[in-house]
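Listed below, chain by chain, are the residues.
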Amino acid sequence: MLKTFIAGILLGVIGAAVFLYLYPVVDQHREASIVSVGPNGKNVEAFHVNVPMDRILVGAPGRDTPLPDGMTWPSDPILQSVRVELFKIRNSRDSVVGVAARTAAKDGPEDVIEWVLHLPARGSVYINMQPDALDGGYRRGEFRAGSREFGELGGFMTERWMPDTSGDEDAPAGRIELVTTFAGRPEAI
Amino acid sequence: MKYLIALVLGLLSGAAVFAVAMVYNPFVVDRGISPLAVTDSELITLNYSAVPSDSIVFTNNGDSQKKPFPEKVLQLWEAPIRSTSAMATVMRDARGQTAGIGIKFSSLSERTRLLSGKALVDSVWYVYMPDRGSLFMEQSENYWTFLRDVAVPAYRSGANAWKGNWIGDLTDGPEPLGTAAVTGGVGSLRGLEMLGVESLSARAYSADSGPISADGRLLIELPAITDGFETATSEE
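Chains as they are written, first to last, in this note's numbering: chain A, 1 to 189; chain B, 1001 to 1236.
What the hints contain is simulated information worked out from the structure, not anything from laboratory work.
What you are looking at is a predicted structure, and each value in this text was computed from that prediction instead of being measured.
There's no promise every hint is true.
[To be verified] Sample of chain A residues at the chain B side, in silico, Cβ under 7 angstroms: (1) GLY8; (2) ILE9; (3) GLN28; (4) LEU57; (5) ASP69; (6) VAL97; (7) VAL99; (8) ASP107; (9) ASN128.
[As the list claims (entries may be wrong)] Straight-line distance between alpha carbons at most 20 angstroms, and here's what the computed SDA-like set of lysine to any residue pairs gives: (10) LYS1072/B - GLY1210/B; (11) LYS3/A - VAL1017/B; (12) LYS1118/B - VAL25/A.
Think of the CB as a built atom: it goes at the ideal place given N, C-alpha and C, for glycine as much as any other residue.
The shape of chain B in the complex, shown without the other chains (with noise of 0.2 angstroms):
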């Protein structure tokens, strides 16, 4: 008896041991640089609140972390759609100026491998710039080192709660070195394609209900031929 139970501590114990590796794998290092912060092209940058409660709407399951918002907001509790979040919000330019409205779809990505440090999100956004254009930015997202830097400590605080300044790319693919293929629809857009980069910046984070302070930011690179687009420099 005594000997199953040392095999079941083993067991147990070396189940935990790989968790902590897994978590704090020095072979998972960020990116970096992103690619786009060093272009020499003109940047169209796009921010907003990556708190749900910030935002027009914000969806999900409703057992989920994040909390719809408002509370009456129709749920995706549906099994296709149960791992999928919808949220619109108000998109700021580099000066905080109301730029135009952004619909983001994002959905928990079947490529996940959490062994390789991937926790990846399959997500698009919409966005529609009055007078300027529309624009559709197809990414994946990992969240890895949002994880480990962020919502593991978290977890691990005894308020379940982390403070501090995180500032990571979110972007991982699908276009060469890791930014987001991005679609130009109408308006002075119409016809370009794209790169994009969303990043992230976390100021404060709960364990219970995910964002208390965070925002996102989106950064298109405009091909090299723009018809008076008011843009914002890599400079910036």
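With the rest of the complex left out, here is chain A (with noise of 0.2 angstroms):
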């Protein structure tokens, strides 16, 4: 019996070690990409928000109402020209597949806006955007960096409100809708 209690004991350290090395302790849930083909062969993806209910924070000076609820926005001087919002991102199918935040602010002279997409199975996006908005309502903005998947890809993203017009009762009052065109970058000659 001692004999079988320390093969035991040996199949178990075995076992464990297989079972750890086989089996992924991480496995991030994947949402199928839909992307398109653009022009020059670009990969084109669009993402949306549903507007409320997929803001995680609305964080501005002197807002009536906190969003989340008890939220408190710093008091400090620096911050009073800083807007920060947190977002669920969908994709076509309307499923959720991510994050983002974007930044709106005014330094010196300069407005800013710069997003952030967090994929969590594919990786981020930084995105600077041009602050004045096009003909259509749209703002348009260049990849600055990316992380994993996005490392190597450069390219651009547009942002536009899009009220909804379906009048369904529980509609969303609108989507921001980011259009996102991705390329590999070039290389150096």
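Using the hints, put the two standalone chains together into the complex.
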């Protein structure tokens, strides 16, 4: 019986090691990417934020009703021209696929609008928007940096506010449309 | 029957022996001194509280050890973001003055390999500092030594808590020497490519609710030439 017990210990050690080696400790859920091919072979992928249900944080000075309830925006004078919003972001099938942050601020004479999109299974993208809206209510911004899947990509993103016109009782007030256009960065010659 | 019981007890004992050997594996050692601690370049130092209830907003799936703050914040319960947390917090400079707002997104990494002492988290920081600029920091964090030295002792303690003084670097890549990649956005940091390290200083930890007293720090190494950016020197 002692030999069986010792054999069990050895099997237990080996089994635990093999299990940890083969079984993924972390397995992120993936939604299939919905990508279309744009001009010049660039990959176009659209995301959106349903407002107000996808809002996690609206941080800005002087708001009467904080979001989320109980949040206190810091009173430091240095942050009085900063507005930070956190959202869940959805793909074209209306499935939540990630989270995003939008920061708007006044940096001296310059208006700053920046986005960070974080898609857990894929990576993150950092986008610096042009403050002035284009015809059609679009605002356009360039990719500044990315991580993992987006690390070697360049491109741009547009944002646009689309009010809801369906009239449905439980429809969102509108959506923020984010359309990303990814392309490989040109190699240095 | 008794042989079967002996085998099962042996299997359980073997798994327990393996777990103990893995946690206290002598071949997994601390990385030692941070590569940015010995740099001659100027550094930006940004401090923040690593306790969720000290942040402006902290949220996750709601089932994790760290509880969302404020209580009514939207939780990240959908499958693709269940292993993700989001935080917005005030960043303070080396003198303790408010420097800006920091946003951190963290997700458990599929590259986690417990056998080799890698409990990895993929995270990004976005920091906006009024009148100074913005930056984006991309990193992998390795929480293995934190779990071994702080979380496991807290679970083993009768009070489900740990007190002490633990300081360590969390950043484990993707840049050489285990540093983070930092990109400047607007202001005086515009266009700069930098290196960074995030570290954690923990003084009290609860197995039930996570950090009770802990501070985080971002160290950003500036390139040699900057435009009058107020920085802390490496001597600080």
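- [ ] Verify the interface restraint on ASP107/A: the C-beta must sit less than 7 angstroms from at least one C-beta of chain B.
- [x] Since the shortest Cβ distance to chain B is 6 angstroms, the answer is holds.
Task: Hint validity - ASN128/A Cβ closer than 7 angstroms to any chain B Cβ - done: For ASN128/A, the interface hint holds, since the closest Cβ of chain B sits about 6 angstroms away, which is under 7 angstroms.
Open item on the list: Given a cut of 7 angstroms on the nearest C-beta pair, is the interface hint for LEU57/A held or broken against chain B?
Closed with: For LEU57/A, the interface hint holds, since the closest Cβ of chain B sits about 5 angstroms away, which is under 7 angstroms.
- [ ] Mind checking the alpha carbons of LYS1118/B and VAL25/A for me, to see if they're no more than 20 angstroms apart?
- [x] 11 angstroms, holds
Task: Residue hint ASP69/A, partner chain B, criterion CB-CB below 7 angstroms - done: 4 angstroms, holds
Task: Hint consistency between LYS1072/B and GLY1210/B [alpha-carbon to alpha-carbon, up to 20 angstroms] - done: Status holds; Cα separation ~19 angstroms.
Task: VAL97/A as chain B interface residue, shortest Cβ-Cβ below 7 angstroms - done: The hint holds - VAL97/A has a Cβ within 7 angstroms of chain B, the shortest such distance being about 5 angstroms.
Task: Given pair status - VAL1017/B, LYS3/A, alpha carbons within 20 angstroms - done: Answer holds: LYS3/A to VAL1017/B is near 17 angstroms, not above 20 angstroms.
Open item on the list: Does the closest beta carbon of chain B sit nearer than 7 angstroms to the beta carbon of ILE9/A?
Closed with: The hint holds - ILE9/A has a Cβ within 7 angstroms of chain B, the shortest such distance being about 4 angstroms.
- [ ] Would you check whether GLN28/A satisfies its interface hint, that is, whether its CB is within less than 7 angstroms of any CB in chain B?
- [x] 6 angstroms, holds
TODO: Would you settle whether the hint for VAL99/A is holds or violated, based on the nearest Cβ-Cβ distance to chain B being less than 7 angstroms?
DONE: 5 angstroms, holds
- [ ] Using Cβ atoms only, decide whether GLY8/A comes closer than 7 angstroms to chain B, and label the hint accordingly.
- [x] 2 angstroms, holds
In terms of the numbered hints stated before, the structure departs from none.
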